[in-house]
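Residue numbers (the numbering used here), protein chains in the order written: chain A, 1 to 354; chain B, 1001 to 1354; chain C, 2001 to 2354; chain D, 3001 to 3354.
Be aware that a few hints might be false.
[Claimed, not checked] Result set (DSSO-like, lysine-lysine): computed pairs, CA atoms no more than 30 Å apart in a straight line:
no.	chain 1	residue 1	chain 2	residue 2
1	C	K2010	C	K2195
2	A	K43	B	K1043
3	C	K2043	D	K3043
4	A	K43	B	K1121
5	D	K3043	D	K3121
6	D	K3234	D	K3273
7	C	K2195	D	K3195
8	D	K3121	C	K2043
9	C	K2174	C	K2273
10	B	K1010	A	K195
11	B	K1229	B	K1273
12	D	K3174	B	K1234
13	C	K2121	C	K2273
14	D	K3043	C	K2121
15	A	K229	A	K273
[Unchecked claim] Some chain C residues near chain D, calculated using beta-carbon distances under 8 Å:
no.	residue
16	Y2120
17	S2190
18	R2194
19	V2198
20	T2200
21	A2205
Keep in mind that the hints were calculated from the coordinates and are not lab data. C-beta atoms are modelled at their ideal positions from N, C-alpha and C, and glycine is treated no differently.
Listed below are the residues making up each chain.
Protein chains: 4
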Amino acid sequence: MAHAPHSRIKVGIVGGTGYTGVELLRLLSQHPHVELTAITSRKEDGLPVADMYPNLRGHVSLAFTTPEKANLVDCDVVFFATPHGVAMAQAQELLAAGTRIIDLAADFRLQDIATFERWYKMPHSCPDILAESTYGLVELNREAVANARVIGNPGCYPTTVLLGLAPLIENGAKLVDTQTLIADCKSGVSGAGRKAEVSTLFSEASDNFKAYGVAGHRHHPEITEQLEKLAGGKVGLTFVPHLVPMIRGMFSTLYARIRPEAMDTDFQALYEKRYADEAFVDVMPAGSLPETRSVRASNTLRIAVQRPDNGDLLIVLVIQDNLVKGASGQAVQNMNLMFGLPESAGLDQVAILP
Amino acid sequence: MAHAPHSRIKVGIVGGTGYTGVELLRLLSQHPHVELTAITSRKEDGLPVADMYPNLRGHVSLAFTTPEKANLVDCDVVFFATPHGVAMAQAQELLAAGTRIIDLAADFRLQDIATFERWYKMPHSCPDILAESTYGLVELNREAVANARVIGNPGCYPTTVLLGLAPLIENGAKLVDTQTLIADCKSGVSGAGRKAEVSTLFSEASDNFKAYGVAGHRHHPEITEQLEKLAGGKVGLTFVPHLVPMIRGMFSTLYARIRPEAMDTDFQALYEKRYADEAFVDVMPAGSLPETRSVRASNTLRIAVQRPDNGDLLIVLVIQDNLVKGASGQAVQNMNLMFGLPESAGLDQVAILP
Amino acid sequence: MAHAPHSRIKVGIVGGTGYTGVELLRLLSQHPHVELTAITSRKEDGLPVADMYPNLRGHVSLAFTTPEKANLVDCDVVFFATPHGVAMAQAQELLAAGTRIIDLAADFRLQDIATFERWYKMPHSCPDILAESTYGLVELNREAVANARVIGNPGCYPTTVLLGLAPLIENGAKLVDTQTLIADCKSGVSGAGRKAEVSTLFSEASDNFKAYGVAGHRHHPEITEQLEKLAGGKVGLTFVPHLVPMIRGMFSTLYARIRPEAMDTDFQALYEKRYADEAFVDVMPAGSLPETRSVRASNTLRIAVQRPDNGDLLIVLVIQDNLVKGASGQAVQNMNLMFGLPESAGLDQVAILP
Amino acid sequence: MAHAPHSRIKVGIVGGTGYTGVELLRLLSQHPHVELTAITSRKEDGLPVADMYPNLRGHVSLAFTTPEKANLVDCDVVFFATPHGVAMAQAQELLAAGTRIIDLAADFRLQDIATFERWYKMPHSCPDILAESTYGLVELNREAVANARVIGNPGCYPTTVLLGLAPLIENGAKLVDTQTLIADCKSGVSGAGRKAEVSTLFSEASDNFKAYGVAGHRHHPEITEQLEKLAGGKVGLTFVPHLVPMIRGMFSTLYARIRPEAMDTDFQALYEKRYADEAFVDVMPAGSLPETRSVRASNTLRIAVQRPDNGDLLIVLVIQDNLVKGASGQAVQNMNLMFGLPESAGLDQVAILP
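Next up, chain A with everything else stripped away, as it sits in the complex (with noise of 0.2 Å):
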């Protein structure tokens, strides 16, 4: 499945308008084995991608076309920025001409087509194509993903809280009270893109902090289908977002009650050891406190491991940018790995601070 040396990766790019389609743009246009080929926008057909993205200036030529004119069926690999549903319209035809999809909408999330449909409203048009896709969290799924010709990218709050429970109860691991598990997530206001909504105004969303979705959110039942893959059975997980006066971040603080017969485990040691190898996942020495800004920008997840008073309960801190690890920048890391080029190419970017 390796991409042929020498040559560049042609890439398109459906409904770049929003914020993961803008950060794309930033990723891929200085990825040294890319060719951006197209970006897609109806409503923006004709209009220079740099005059919507001024900081693009310079950077992008591209203007917003058409998907018809985009003629995306030669391209590699197609990124969908899009609302959900628009994917799965999109895929046959794609894969049928050797073109990959990364989704960076929910169509190739969840497994479960009735909860999917439940969650999303709308029927699932590709049930076939979705049983072969991938859950693209390359820390769980490596192989998958290096094999994968369509690649559902994780939302923003399933990344955090999946890297940050995997250790404790992947591959059999018993260390925590699955039953129990809380993720007390807060999101920077990107999180909600760049649709025109009141809730999120600057004069609604500044100098304020609140807590939304508690009676249910999309990325509840994707974090539990995979949690529970991970851990082969039944998991109880209460998941409270909460929205942060801040542009870009994520911070997961998750809480899990150690097992009786777990009390002994350096739970230091074994993060350190489950990401050793990981490029984008940082475990923090010991007594380490995380902050969003140290990876704004950036591909980096960081994790902090904490129990205080060497008590049952085990906290861990997870930060990452959600528009970077948590959305394009994971997407990128998605298709470096399918076209067999170095993990990190294009994401080595050092964070931004202050």
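The hints should help you fit chains B, C and D onto chain A, whose structure is shown.
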């Protein structure tokens, strides 16, 4: 025209779902001489106001209603916190019933109808009422406001620029060159209102600074019309508005060339004397530099006068809370005057700092 | 103990240069039954208060003075808005003169002296006064507060956690497991005070989210001591504070496991009944989600009760303005009660939104 | 003067604990032609840089060291990201060893020693080195920079004002009145550095806007000296800096009166032509309005030219990231030129938006 003692003014608000609406409710719900009788919004008919604005829980028990059900003609005064064009459509009927009007939109700000129609893209439907209306900047028009039936409440930018420049040009003063005035103004985001728009999303407006409306802004002709009235002749003003990543607050940096014959003027003394009796205009001591948070949520407007190196350029720095003195507080100040109440009734809040 | 009608309480403030100090000044300068007689700061002796806090221009004419010149023993009550350790050094003298004390620092919060000395790294200099002092959380200790000479004003975090959990554990209630309580708390930056420190610079704290004090925070033993008093036995609480890039506001997400025998409890009704008569505790309707801005600059604390899927985990969401109900407003509430005034005198401000 | 191909420049940084220091590290750690050999801080000797700046974890393995241990004379170039006065104390020794110097403080910005000493309150210890030093604004001094041994890296404000006004006055151009120039400038808070000061605390600077330094700012004489060099004569400039509640970004609104004989000038074309070959100056299309986020974390400076109503006032809007083109990026740009490297080596990052 004084209001009968011991009774409360019956007040209605049309279109209270925006920021000037909620700010009116905050101020009027604690005003000692006001009885809030109705607040209208066709779209939100039946919704308790406090459900939309949780800060009002326990303070305002009204629900939104329709204009028809509101029976506004029974009010002593009606505030219009509506889009432009709404007040003029209802003015005739209200006035006929003896109800006074304070319009926070632009229907009664510009006396020149052609100018109004050019900038607001609509015909003016009641030129006669416009002719009798008063520009509600109390510090410049106290007498007229006290006797007014219809008030055009000033725009936020005009309030700062007019009060900042008035002492230099009013009453025949020839202290500065009136053809080269510059107003470099900066506004918090709430000035753009509560409309769902991409440009004022948190993720767009936060951690960002920009100019806008440089080629033309509706407040420009409003300022010019009033300045020319004060100066008794043509005035040349350059007006550059900017957007600041803060919710409330406006800061205007005004530049005026001192005329050669006025170089000996004590401008600090001039301003102090001019506003000595004003409850809501605070001329700061010489050498001061104002900051917007010092007036956050209060009706005070602060002015500092600077003249670097005692040269020929006078710099006047003016701050206000755009939603209070720049909008709803000023409207209440107008109401107080119209009904013979103490001018600062219900407006004596201390600003919130930090 | 009621204060003589028609006269005003003479109030002094020690150490008014911090945020709790300016907030006391904002509230007390408009309190109908208070006469501010002195505010002390050795360092700023002679400086008009309004020069440091320009929001007070026109509202407070006092200048800072030294404790000696302030003649605090003539006050009816003295607020200490000082570093820890100051109030206890002056308490004896003031009490002897009949002056009551409300300490906003920690000198009279912890009844257990060993705990105090471990966490605050100083000996307690007046154990006898500590023994007679009252923990000033009115909603839990109304009777004692009314009769107190010395109040330890609660910390900001404890206020939210205690009022959020009290209905579940007080008076012998056995509704939740008291050994596995979790408080995931988020505070605005003003909670860190006005000290010049790198970690709370704008460029460090803005657009950022972090946890801190996970290994131990001074408010933890304070919360635990009070919880154990309520529960009548040992309590196990995990407390994780986080820093939110907003000036004011505190949001506590509390997690409690419902005991099997309490699964049928109507928790919404429980909370509504518990706080039905409280002026400053607002239990929101079922299904509500609070946001901190709804209490900005007001003394209201809001609670929402959530129980996802009607399961065994109760989530209690609590918000307050950390400088008002979490500090200075609560102190004034205590004063009102101590002097027989209406509990909400001077505390009826509507929150500022947006 | 070109650097030997295939080898890397050895770079030292003195005083890397401030924001310009961490920004240098971000840029230099990914520079293809640089080997970072030492970063000094007496106070933090031994501390790994990444412990202070967690964004550098995994990218910079250096620890802070003392100047003595750093052996800076072995470097090809040393950056001083220090307080004023440090670079001039070490310059002699470094130059003697053949090490070049780029000072990000003010030691080599002002050619007039009396002016330096008046504004920076210290004697200048090496007037001869100052005399040979070059003002490192590449777009104005490319030739001199390429041959320089000592660079005074421009202040942030001067960079925007000088590049914004240069086309109007350089090379004998007489397009505007040079006696009435106005620069109304707005800066993000990181421009104040990482010192622990009350005025730049989050709780002070957030949700606030203010002017400062109106009576005099150190960048004023720096701008004037360079403007006069360009114009070949006296220049009168009013400079008003303001503080914006954002971390990074600078926005300068420049006002210039067009001379009667220059009224027919096509200013848009003038600017486009002047900067056509500059990699880091982007003249936006006519009618554009820049926003600071479009250059966040990039070395691009953007200019928009506005002339309202085709009148006699020219408005030039200039933006940059104050820490990149306004400081560390510009310093790297200077280094590139001094060592014969491509001017944009290590500086081609796309700005971060949102």
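Could you check the structure against the hints above and give me the numbers of any it violates, in ascending order?
Checked against the structure, the hints that fail are numbers 10, 13, 16, while the rest are satisfied.
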